[in-house]
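Modelling step: build the complete structure from the supplied sequences, incorporating the hints.
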Amino acid sequence: MGTDTPQDLVPVTVIAGYLGAGKTTLINELLAHDHGRRLAVLVNDFGAVNIDATLIADHNGQTISLKNGCVCCSIADELGDALDRVLALEPAPDQIVIEASGVADPANVAAYGQGWPGCRLDAVVVLADTETVQAKSRDQFVGELVVRQLRRADIVMATKCDLVTEAGLAAVMDWLAATAPGAPVLTRRAGQLEPELLLETAQSIYRPSRQQPHADNGPDEPAFDSAVIEVDNTLDRDRVEAALQDWPDSVLRVKGILRFNGAAGGLHIVQRVGRRWNIAPAPNGFDPSHTGKLVVIGLPGTLHRRYLASSLLN
Amino acid sequence: MADMTVFVARTVRTMEPSLPVAEAVAVRDGRIVEVGTLDTMRPWLESHSHEIDDTFKDHCIMPGFIDPHLHPSMAAILLPMHFTTAVGWDLPWEDIGPVHDSEQFRARMVSLDTGLAPGEPLFTFGHHPIWHGPIDRSALNQISTTRPIVAWHRGYHSITVNDACLRWMDLDTAAAGRHPQVDLDAGKFFETGLSVALRHLRGYLLETERFRAGLDRMRQVIHHGGHTTIGDAALGFYGFEQEWDHLQAVMEQPDTPFRIQLMPFAMGPEGDERTDDEFVERVLSYPSRNTHRLRFSDHVKMFADGGFFAELLMLKPPGHLDGRHGEWMTPPERFEAVARALWNAGLKIHVHCSGDLGVELALSTLEKLQWERPRFDHRFTFEHFGISSTQQVDRMAAVGAVASVNAYYVYELSEAFAARVVGYERASQISRLGSLERAGVRFAVHSDFPMAPAKPLNNAWVAANRLTESGAVMGTTERASLDAAIKAITTNAAYVLGLEDEIGSLRWGKRADFTVLEADPYEVAAEALRDIPIWGTVFEGQKFPIAST
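Going down the list, the protein sequences come from chains B and E. Just so we're aligned: 638 in this note's numbering is position 310 of the first sequence, and the numbers increase by one with no gaps anywhere. Just so we're aligned: 1592 in this note's numbering is position 247 of the second sequence, and the numbers increase by one with no gaps anywhere.
These aren't lab readings, by the way, just hints derived from the structure by calculation. All C-beta atoms, glycine included, are put in the ideal place defined by N, C-alpha and C. Hints are not guaranteed to be accurate.
[Stated by the list, open to error] With a straight-line cut-off of 25 Å between C-alpha atoms, the simulated DMTMM-like cross-links for lysine to aspartate or glutamate are:
(1) E:Lys1661 <-> B:Asp467
(2) E:Lys1713 <-> B:Asp467
(3) B:Lys395 <-> E:Glu1847
(4) E:Lys1402 <-> E:Glu1885
(5) E:Lys1661 <-> B:Glu357
(6) E:Lys1888 <-> E:Glu1847
(7) E:Lys1713 <-> B:Glu472
(8) E:Lys1661 <-> B:Glu472
[Stated by the list, open to error] What follows is a set of in silico ranges between Cβ atoms, one per label pair, in the way DEER data are often shown:
(9) B:Arg466 <-> E:Asp1622: 30 to 36 Å
(10) E:Gln1449 <-> B:Arg366: 44 to 50 Å
(11) E:Gly1584 <-> B:Gly471: 32 to 38 Å
(12) B:Ala360 <-> E:Asp1622: 26 to 32 Å
(13) E:Glu1439 <-> B:Ala404: 17 to 23 Å
(14) E:Glu1623 <-> B:Asp409: 23 to 29 Å
(15) E:Gly1478 <-> B:Arg567: 25 to 31 Å
(16) E:Glu1623 <-> B:His632: 54 to 60 Å
(17) E:Asp1440 <-> B:Arg466: 49 to 55 Å
(18) E:Glu1597 <-> B:Arg466: 50 to 56 Å
(19) E:Glu1586 <-> B:Gly471: 54 to 60 Å
(20) E:Gly1433 <-> B:Gly397: 55 to 61 Å
[Stated by the list, open to error] Looking from chain B toward chain E, a few residues come up when the C-beta cut is under 10 Å (computed):
(21) Asp362
(22) Glu406
(23) Leu407
(24) Tyr635
Okay, structure coming up:
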């Protein structure tokens, strides 16, 4: 982490988790949601993706184009080929989402995001079916794999939370936190999509008028808060790296533009998703008007702006 | 022209329990009319014109050898490469000596480089650090700074390349440098990083002319080993229709002395298929394209855990020696669902399983399917069968399973697996055969070529002796008897492919497929099986001598 990955590459988000964890449901919601991003979603099996026919603009072999600009693409045999297909689209997608196979080691899928030409890795999100994940973790065939998948997560999302009791949910959340130390564990209810969390949007930087992330989430408590941290100073890169490393798990996503001092100074894009973070020089021609702002998304009631801002400075 | 040809031999080993030994085989139109002696055949000989062919009067005629599990397409990619394996390969066009250590590896690379036209890329196959020590980009640069060099690892899952190759590939080095499974300094691409290199190399490796030249080499390899039937145990790794076209172009020739039984792999609905019924329907439709030598039937391939050479086998506790993990090639739930669809359609399922947890998935699925909907004679076949327990063998017997075993693992891998992968106890029992024989589970042995040499007599030799490359014996109680080892490349190999009424033994009505040996395998010591010279084969009544190299 922390390598200077160029930011003009297409970010890749990996959605992983064992069979039945809710990956397809999440992907269906991502495709249908009005999040304003042109997504290219790579799936293993078209059959399972259930796209509303009225949303489809075109279905051409391995690719379904949606009217909202998103495409859904079947991985077929080679993930690399599928990535090449969507990277060749005009215009290029804003972001690629890969549905990992249920038995994939998320690290192997993430490797494509890290090192495939034209891509960079945004995050690995591992879903866990609240009802079954603990039993699966003891299954003789897949127990080890289910645990390993969780340990690879930048963010863990417990799904189907409405199907268990409150006490049951609390117990599963504790178990997930213990199984995937260092990764924030979130709950997810059907229909409650958090694109700002799942995708690399950082909306409030680029579109300040955009509504708050949790405004649409229905009757439940907001799933997370967001805040903008502003720092006027030119910062010390080592200090920022230490802060990104140290900030608590409850800080789910960070994205912003900071100016560093010293020899390797200048404008940099800073990102953190769960426990994965990256700092890279801003590309040429980058609009510097939002320099000194970090958009932070975190669990409700945990974003202590002053603490976060001061930890960047001292 | 005579109606019949009567082949006489010093010995005919029919592999038929009712008439195990004979002296003559009468053949008409590619099929056997009668087996016996010239004397017992008199009613046939007196009523039909015939000629006696005594080419084999000093030889032993065996049923044509069968390897039920090879991969011609994979071979087509590898055979144009130059082998540098620690174990030697006797290939029809070249007898390649073993490359034992780093010094020999370097010398071999230098001599290969010298032998090639300027600029032609050098692809080698078989580097293994246990024998050859580490190699990297700078070591390969010392071989050549101008010729692209790709050194493929023996386990298939990594390559090392030189600078000239990096330039040739026109690689996005910034991206490759970020890839966690690419080590640019070392010139190494491994696991998923291999895809990054293959993105550039695949076009070259799969280019029609090269691929078909490789497939033609495979044609020679198959004949050279004495086969008259092989099984292609998963058509479609590199594109089903493309491979099918290449196979037809290269293999369906009048001078091709063998047939290929093709097994599609069945991973469930694909493309626009929505239901298991649609996918089963597709599998059932394949035989309609059969040609004389290329044939689909009702056998299909499934995959449980990862490969044995790649060390991706799934193990029950205590697992891998160093705590690393194997992988599932099919999610267990999906595996069961697909197997159920195939089982209920009456298809014959072959399962690639390497470790004892892979075996367990296949076995527990079979037990469940037998409980739900019992079938007799279902030919559910355990392929490879690397690590297993004797208790699993007993359960296999109970539910009528069959095995097709890669015995060669014992020869090349058991000592390395003892030292590095699973420890001695399990390694010494790799590819257990004695237990299968005692439990009455029918088994074939196979090469999985290009994983192991395509030499049935060599496979039978490993099965009966369990000797390793260094000369050690591994697990004497898991040896097959000599008879079982020979059956494993004839009758039982036919049985595994569901062709036992057509090939595998010599009796009236069967195909006139022979493998002709210079000695009777039942008369030489088991240790000498692999050294028996092969004169050649007879395919559907036509003689095909093996040219000496």
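Cross-check of the supplied hints:
A threshold of 25 Å between alpha carbons decides the hint, and for E:Lys1661 with B:Asp467 the separation of about 12 Å falls inside it, so the pair holds. Straight-line distance between C-alpha atoms of E:Lys1713 and B:Asp467 comes to about 17 Å, which keeps the hinted pair within the 25 Å bound. For the hint linking B:Lys395 to E:Glu1847, the alpha-carbon distance of about 58 Å lies beyond 25 Å, and the restraint is violated. In summary, the hint linking E:Lys1402 to E:Glu1885 is supported, as the alpha carbons are separated by about 19 Å, within the 25 Å threshold.
Distance check on the hinted pair: E:Lys1661 and B:Glu357 sit about 38 Å apart at the alpha-carbon level, beyond 25 Å; violated. With a C-alpha separation of about 19 Å, the suggested pairing of E:Lys1888 with E:Glu1847 holds against the 25 Å cut-off. Only pairs whose Cα atoms come within 25 Å are accepted, and E:Lys1713 paired with B:Glu472 is accepted, the gap being roughly 23 Å. Under the criterion of a C-alpha separation no larger than 25 Å, the hint pairing E:Lys1661 with B:Glu472 is consistent with the structure, at around 11 Å.
The hinted window of 30 to 36 Å between B:Arg466 and E:Asp1622 holds, with their beta carbons roughly 34 Å apart. In this structure the hint that E:Gln1449 and B:Arg366 lie 44 to 50 Å apart at CB is violated, the actual value being about 55 Å. Separation of E:Gly1584 from B:Gly471 is about 35 Å and conforms to the stated range, judged on CB atoms against 32 to 38 Å. Against the hinted window of 26 to 32 Å, the Cβ-Cβ separation of B:Ala360 and E:Asp1622 comes to about 29 Å, which satisfies the hint.
Evaluation of the 17 to 23 Å hint for E:Glu1439 and B:Ala404 yields a failure: the beta carbon distance comes to about 37 Å. The supplied range of 23 to 29 Å is met by E:Glu1623 and B:Asp409, whose beta-carbon atoms lie about 24 Å from each other. Distance hint for E:Gly1478 and B:Arg567: a CB-CB separation of about 45 Å, inconsistent with the stated range 25 to 31 Å. Look at E:Glu1623 against B:His632: about 56 Å separates their beta carbons, and that is inside 54 to 60 Å.
Restraint check, E:Asp1440 to B:Arg466: a C-beta distance of roughly 53 Å satisfies the suggested window 49 to 55 Å. For E:Glu1597 and B:Arg466, the Cβ-Cβ distance of about 52 Å falls inside the hinted range of 50 to 56 Å, so the restraint holds. In this structure the hint that E:Glu1586 and B:Gly471 lie 54 to 60 Å apart at CB is violated, the actual value being about 39 Å. Against the hinted window of 55 to 61 Å, the Cβ-Cβ separation of E:Gly1433 and B:Gly397 comes to about 59 Å, which satisfies the hint.
Hint status for B:Asp362: violated, given a least beta-carbon distance of 29 Å to chain E, over 10 Å. Evaluation of the B:Glu406 hint against chain E yields a held restraint, the C-beta minimum of about 7 Å falling below 10 Å. With 10 Å as the threshold, the beta carbon of B:Leu407 comes within range of chain E, its nearest partner Cβ sitting at about 7 Å, so the hint holds. Taken as an interface hint, B:Tyr635 does not check out: its beta carbon lies about 32 Å from the nearest beta carbon of chain E, beyond 10 Å.
The structure is inconsistent with the numbered hints 3, 5, 10, 13, 15, 19, 21 and 24, although it conforms to all the rest.
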